[in-house]
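Colleague: Residues per chain are reported as follows:
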Amino acid sequence: MTDNIPPFDGRRWHDMGGDTAQAVPKDQHDFSLWEKRVDALMILCSAKGHFTVDGLRRVLEDMPPESFETMTYYERWIASIGQNLVEAGVLTPAEIGQRMSEIQTRGATYGDATRG
Amino acid sequence: MPHDHMSPSGHPFRADDDVPLSYWQAMEIAVRELLIEKGVTTAAEIASQIDAMDARSPANGAQVVARIWTDPAFRAAMLQDASAATAAMGFDIGPMKLIAVENTDTLHNVVVCTLCSCYPRNLLGLPPDWYKSRAYRSRTVREPRAVLAEFGVTLPDNTEVRVHDSTADMRYIVIPTRPAGTDGWSRDDLARLVTRDSMIGTGRAKSPEGLAGTDRPT
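Residue numbers (my numbering), protein chains in the order written: chain A, 166 to 281; chain B, 845 to 1062.
Derived by calculation from the structure, the hints in this document are not laboratory data. You may find that some hints are simply not true.
To be verified - Heads up, simulated EDC-like pairs for lysine to aspartate or glutamate below, C-alpha to C-alpha not over 16 Å straight-line:
1. B:K882 to A:D195
2. A:K201 to B:D973
3. A:K213 to B:D1027
4. B:K941 to A:D180
5. B:K976 to A:E234
6. B:K976 to B:D1009
7. B:K1050 to B:D1013
8. B:K976 to B:D1001
9. A:K201 to B:D895
10. A:K201 to B:E889
11. B:K941 to B:D925
12. B:K882 to A:E226
13. B:K976 to A:E226
14. B:K976 to A:D184
15. A:K201 to B:D898
16. B:K976 to A:D192
17. A:K191 to B:D1027
18. B:K976 to A:E260
19. A:K191 to B:D895
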């Protein structure tokens, strides 16, 4: 069924400048340690030449539009960093998956599961 | 650790701190551990990067603006090549191009990143949540005066508004107008009038009356 798909207007979802939207939300949260670590990993991996900010952006922009509503900013970033590191041959999907499974048995919260 | 859901800065903690380990948090731990094990980075390097991130705040930008207000040669250098001028003050933006845009009595500049969240981190630290919101990204280029009014910046119709759309490689910093009644102020005192939002363009520098009485230079 294609009835509900709007015609493509030449822009992808992230290219949202000029759209209508609600009032600007002013809520602010303090960045969590895990979010700062994601940011640091991006800067370090790009500084060491494993991928570039353009690679980060490409994966973010290839995510479906719902990602912007269902994932937080740094959730999207770590997903993109993982994908870029796999493409660069630094990590494999199996390594990441196995380690995540092991991490999820370590404890109930981030503090319990993280080391260092 | 129990807490009252507010951080020392008065902002709510992100819900993620209070709920079970999330899928994406587990991925962060996994990627970080694997990168350390493979020798791509070290725990100390990551901690050092976070320290550097935490050390960058709008106080950096405020120093730059206060110097622009008091040092004509520096102002000229900033308008010529803001990347080089800020690097010389120790606020290196790296390979990115930084452009300083100056407000006047008849011109107001505001910065947005419609595509993502690009921001002059070397001068302002990490961007606020609203800067990354759909509403700000969408509307700032469509109806900037309405957006600015939501931030309390109402502009006369004859004030020109320029909206600057940042990219991954090119960032902007707004130079707010120097408040009246600050003749003879020291650079450090002036810097205390320069807010984060005044350097994004969604605010103005504080007036002398905006400082608490005890903070006001005499």
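Colleague: For each hint, tell me whether it holds in the structure or not.
Modeller: Right, here's what the structure says about each hint:
1. For the proposed pair K882 of chain B and D195 of chain A, the alpha carbon gap of about 31 Å is over 16 Å, so the pair is violated.
2. Between K201 of chain A and D973 of chain B the CA atoms are separated by roughly 14 Å; this keeps the pair inside 16 Å, and the hint holds.
3. Using a Cα cut-off of 16 Å, the hinted pair K213 of chain A and D1027 of chain B is violated, with the two alpha carbons roughly 47 Å apart.
4. A hinted pair counts as satisfied when its Cα atoms are at most 16 Å apart, and K941 of chain B with D180 of chain A does not qualify at roughly 22 Å.
5. Taken as a hint, the K976 of chain B and E234 of chain A pair is honoured in the structure, with Cα atoms around 12 Å apart against an allowance of 16 Å.
6. Taking the CA atoms of K976 of chain B and D1009 of chain B, the gap is about 13 Å. The hint holds against a cut of 16 Å.
7. Proposed proximity of K1050 of chain B and D1013 of chain B is contradicted: the alpha carbons are some 30 Å apart, above 16 Å.
8. Restraint check: the Cα-Cα separation between K976 of chain B and D1001 of chain B comes to about 28 Å, which exceeds 16 Å; the hinted pair is violated.
9. For the hint pairing K201 of chain A with D895 of chain B, the CA-to-CA distance comes to about 10 Å; that is within 16 Å, so the pair holds.
10. Among the hinted pairs, K201 of chain A with E889 of chain B is consistent with the structure: their alpha-carbon atoms are about 13 Å apart, no more than 16 Å.
11. Between the alpha carbons of K941 of chain B and D925 of chain B the distance comes to roughly 8 Å, so the proposed pair stays at or under 16 Å and holds.
12. Taken as a hint, the K882 of chain B and E226 of chain A pair is broken in the structure, with Cα atoms around 29 Å apart against an allowance of 16 Å.
13. Restraint check for K976 of chain B and E226 of chain A: the C-alpha separation of about 14 Å stays at or below 16 Å, so the hint holds.
14. Taking the CA atoms of K976 of chain B and D184 of chain A, the gap is about 15 Å. The hint holds against a cut of 16 Å.
15. With a CA separation close to 9 Å, the supplied pair K201 of chain A and D898 of chain B stays within the 16 Å bound.
16. A distance of roughly 12 Å separates the Cα atoms of K976 of chain B and D192 of chain A; the hinted pair therefore holds under the 16 Å criterion.
17. Proximity of K191 of chain A to D1027 of chain B is assessed by CA-CA distance (about 34 Å); at most 16 Å being required, the pair is judged violated.
18. A C-alpha spacing of about 32 Å is found between K976 of chain B and E260 of chain A, which places the hinted pair above 16 Å, so the restraint is violated.
19. A threshold of 16 Å between alpha carbons decides the hint, and for K191 of chain A with D895 of chain B the separation of about 26 Å lies outside it, so the pair is violated.
When the structure is compared with the earlier hints, violations turn up for hints 1, 3, 4, 7, 8, 12, 17, 18, 19 and for no others.
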